[in-house]
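Student: Numbering (the working numbering), first residue to last: 2 to 409.
Hints were generated in silico from the structure; no laboratory data involved.
Don't take each hint at face value.
Claimed, not checked - Derived CB-CB ranges, DEER-like:
(1) HIS382 to PRO178: 32 to 40 angstroms
(2) ARG308 to PHE332: 32 to 40 angstroms
(3) TRP80 to LEU169: 26 to 34 angstroms
(4) LYS165 to SER253: 29 to 37 angstroms
(5) SER310 to LEU384: 37 to 45 angstroms
(6) ILE91 to LYS372: 34 to 42 angstroms
(7) ASP249 to PHE408: 46 to 54 angstroms
(8) VAL398 to ASP313: 39 to 47 angstroms
(9) PRO113 to ARG220: 40 to 48 angstroms
Claimed, not checked - Below, simulated DSS-like cross-link-like pairs (lysine-lysine); rule was C-alpha separation at most 25 angstroms, straight line:
(10) LYS321 to LYS373
(11) LYS68 to LYS373
(12) LYS314 to LYS211
(13) LYS68 to LYS79
(14) LYS165 to LYS68
(15) LYS79 to LYS372
(16) LYS316 to LYS68
(17) LYS316 to LYS211
(18) LYS309 to LYS211
(19) LYS211 to LYS372
(20) LYS373 to LYS211
(21) LYS321 to LYS165
(22) LYS68 to LYS314
(23) LYS179 to LYS372
(24) LYS68 to LYS321
(25) LYS321 to LYS309
(26) LYS314 to LYS79
(27) LYS372 to LYS165
(28) LYS165 to LYS314
(29) LYS79 to LYS179
(30) LYS314 to LYS373
(31) LYS79 to LYS309
Given the structure is predicted, the values throughout are model-derived calculations rather than measurements.
Idealized CB from N, CA, C, for every residue including glycine.
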Amino acid sequence: MKSSGKWNIIGPGLIVAATGVGAGDLVAALVAGTNYGLVFAWSIIVGAILKFVLNEGVGRWHLLSGKTIFEGWQSMGKWASVYFGVYALIWGFVYGAAGTSSCALAMSAMIPAIPLWAWAIIHGIAGFALTWSGRFRLFERAMNILVGLMFITVVGSAVLALPKLSGLWHTAVPDLPKGSLLYALGLIGGVGGSITMASYGYWIQENGWKDRSYVSAMRYDSAIAYIVTAIFTLSLLMLGAALLYGTDVSISGEQGLVSFASIMGNEIHPAARWLFLLGFWSASFTSVVGVWNGISYLFADFIRNLRKSHIDKRKLNQTKAFRFYIFWLTFPPMLLHFIGKPVGLIIAYGTLGALFMPFLAITLLWLLNSKKELPEEGRNHWLSNLFLALCLVLFVVLAINELRNTFR
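Based on the sequences and whatever the hints tell you, model everything.
Tutor: Rendered as structure tokens:
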């Protein structure tokens with residue numbers, strides 16, 4: 002059933018964008034504010050625009066071709082299916098530990114009586130419980146609550162810090178300080194972008210959007226999602242600038258987020274520490290729950306196509322493959338909380354992770370210009386191709402840099 006008004010069609014795009022914002026993005030935005038003030042506000046806005054283009058491309062493909070993104074990849078040759086299968090198993094195993102560890106770090110800072118490893122396991126099981134049944138409305142309600150908490154706490158923290166920005170607004174002039182190009186590109190690439198962008202089509206399918214009449218609704222949904230994401234990330238930039246710009250204090254890694262929360266408590270109000278920690282936790286847990294659900298759709302579709310099964314693609318969340326991948330994300334990675342992360346696995350994880358966003362950009366360029374798969378009015382115009390080409394160049398540069406750092 003079609004929604005009657007614009008405000009009723011704000012849907013799965015926000016889930017995609019929120020899932021793509023994790024602890025690493027919080028760190029990156031805070032560090033940008035700490036080191037450069039408000040200079041890189043422009044890069045956050047550019048990043049949100051480019052992610053909108055990618056998200057819109059995934060949604061348009063699903064609505065106009067009538068095929069899932071995985072069916073599109075498969076049409077490009079077996080190499081795409083092989084790549085995804087290898088990627089999903091290795092990436093999922095390591096992310097299962099990394100994502101829950103991020104949640105645990107935030108929760109442990111609030112309730113230190115429970116060990117870090119125990120919090121990580123609790124969050125993995127919570128993600129399992131919210132997604133195992135395949136009930137999309139349960140997942141959607143949980144994500145909406147988490148996204149609301151994430152937005153209110155972080156933007157609320159930025160509002161509390163506004164008085165401390167009074168002498169820094171002049172730094173908001175767009176610039177590219179010497180030696181900061183890769184830094185700026187990394188910030189652009191990290192605004193709400195992750196493998197879960199490929200899950201968008203499955204989520205709009207669950208929302209009942211299924212043909213060209215929903216294209217405008219999908220575009221509006223994606224636009225709202227990345228406007229909200231830009232506001233969220235700009236709030237983090239402002240926090241870093243307000244409290245740490247011009248000081249010798251630095252933020253490093255996820256542990257730095259806990260330290261920053263303490264700084265907020267000292268500089269603004271003791272309650273501000275809790276506010277920021279809740280934002281850190283909700284950003285981390287949205288990523289976990291979003292991945293547990295979204296990538297399980299992709300994996301189930303991978304198995305469906307591998308077996309040439311006739312299972313209805315609208316029932317992927319009821320398949321054994323869907324549940325297997327949720328299990329894979331939850332329980333085997335618990336071993337990594339105790340034995341550490343093997344070096345070879347980490348290298349493979351970093352390599353595959355760096356290559357996914359270029360893979361998504363280049364496959365969308367191919368699929369959205371396909372005369373065979375899309376009607377003329379649904380294919381890319383020159384502006385869409387230009388933006389997707391910019392995405393491809395950006396992510397290739399970031400991938401090369403990531404691989405250099407991985408193997409250094």
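Student: Now tell me if each hint is right for this structure.
Tutor: Checked hints:
1. HIS382 to PRO178: 32 to 40 angstroms: Distance hint for HIS382, PRO178 holds at roughly 35 angstroms.
2. ARG308 to PHE332: 32 to 40 angstroms: With Cβ atoms ~24 angstroms apart, the hint is violated.
3. TRP80 to LEU169: 26 to 34 angstroms: violated, 49 angstroms
4. LYS165 to SER253: 29 to 37 angstroms: violated, 22 angstroms
5. SER310 to LEU384: 37 to 45 angstroms: holds, 38 angstroms
6. ILE91 to LYS372: 34 to 42 angstroms: Once the Cβ atoms are compared, 35 angstroms apart, the range 34 to 42 angstroms for LYS372 and ILE91 holds.
7. ASP249 to PHE408: 46 to 54 angstroms: violated, 32 angstroms
8. VAL398 to ASP313: 39 to 47 angstroms: holds, 41 angstroms
9. PRO113 to ARG220: 40 to 48 angstroms: holds, 45 angstroms
10. LYS321 to LYS373: Given pair LYS321, LYS373 is violated - Cα atoms ~32 angstroms apart, limit 25 angstroms.
11. LYS68 to LYS373: With a Cα-Cα distance of about 13 angstroms, the restraint between LYS68 and LYS373 holds, given a limit of 25 angstroms.
12. LYS314 to LYS211: holds, 12 angstroms
13. LYS68 to LYS79: holds, 17 angstroms
14. LYS165 to LYS68: violated, 51 angstroms
15. LYS79 to LYS372: holds, 21 angstroms
16. LYS316 to LYS68: holds, 14 angstroms
17. LYS316 to LYS211: holds, 14 angstroms
18. LYS309 to LYS211: Holds. LYS309 to LYS211 sits at ~22 angstroms (cutoff 25 angstroms).
19. LYS211 to LYS372: Answer holds: LYS211 to LYS372 is near 20 angstroms, not above 25 angstroms.
20. LYS373 to LYS211: Holds. LYS373 to LYS211 sits at ~19 angstroms (cutoff 25 angstroms).
21. LYS321 to LYS165: violated, 53 angstroms
22. LYS68 to LYS314: Answer holds: LYS68 to LYS314 is near 9 angstroms, not above 25 angstroms.
23. LYS179 to LYS372: With a Cα-Cα distance of about 44 angstroms, the restraint between LYS179 and LYS372 is violated, given a limit of 25 angstroms.
24. LYS68 to LYS321: holds, 21 angstroms
25. LYS321 to LYS309: holds, 15 angstroms
26. LYS314 to LYS79: holds, 20 angstroms
27. LYS372 to LYS165: violated, 55 angstroms
28. LYS165 to LYS314: violated, 52 angstroms
29. LYS79 to LYS179: Since the Cα atoms of LYS79 and LYS179 sit roughly 43 angstroms apart, the hinted pair is violated (cutoff 25 angstroms).
30. LYS314 to LYS373: Distance of about 21 angstroms is within 25 angstroms: holds.
31. LYS79 to LYS309: Cα-Cα ~13 angstroms, so holds.
Checked against the numbered hints given earlier, this structure breaks hints 2, 3, 4, 7, 10, 14, 21, 23, 27, 28, 29; the rest are met.
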